[in-house]
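Q: Kindly produce the complete structure, drawing on both the sequences and the hints.
Position in the sequence shown counted from 1, then plus 1037, gives you the working numbering.
Check the hints yourself; a few may be wrong.
Keeping only pairs whose Cα atoms sit at most 35 Å apart, straight-line, the calculated DSBU-like set for lysine-lysine is [stated by the list, open to error]:
| # | residue 1 | residue 2 |
| --- | --- | --- |
| 1 | K1150 | K1066 |
| 2 | K1150 | K1118 |
| 3 | K1118 | K1086 |
Calculated from the structure, these hints are not laboratory results.
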Amino acid sequence: MNTPAFPDSGASLGLLFRQLRDAMWARMKLELADLGHDLTFSQYVTLKKLAIGSTGVTDLARAAELNPGAMTRLLDRLVAKGIVARTADPTDRRALNIHLTESGLAIWQDINKCGERVRERAMAGMSEEERSVLTQLLERARDNLTSTES
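A: Below you can see the structure in the form of structure tokens.
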């Protein structure tokens, strides 16, 4: 009998990745709701990117996997909430830099703590070594798929 290269666990690797992402976001939404934050996944990714520093619409759209028009609309909603602000780029008068406001930074600190709790829950029962190996293997799989080499 020919044994498959991977045991049949009932879920393909891609499906398992999707289930993990969806489960993490579902848990994150619960954590956020408990603190009164109503954010979409794209808004969360945008705030996470802005917590690193000011950037432009194109970089934010790429990070959130949105087209620039959709990112502009998302930013309009975050600006209206007072979470982010747009300022003129001093080196290019056609460009705008987007950054977190003081209120946005305070919200990000809450959101980041939610993320830490979700990641901790996802890795519960794993040793530090297992956590490290899991992260390294996931990074390698991502890099294998995004590499330009064939």
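Q: Can the restraint linking K1150 and K1066 be considered satisfied, given a maximum Cα separation of 35 Å?
A: holds (13 Å)
Q: Check the hint pairing K1118 with K1086 against an upper bound of 35 Å on the C-alpha distance.
A: holds (18 Å)
Q: Run the distance test for K1150 versus K1118: straight-line Cα separation, threshold 35 Å.
A: This hinted pair holds, its Cα atoms lying about 21 Å apart.
When held up to the earlier numbered hints, the structure conflicts with none and fits them all.
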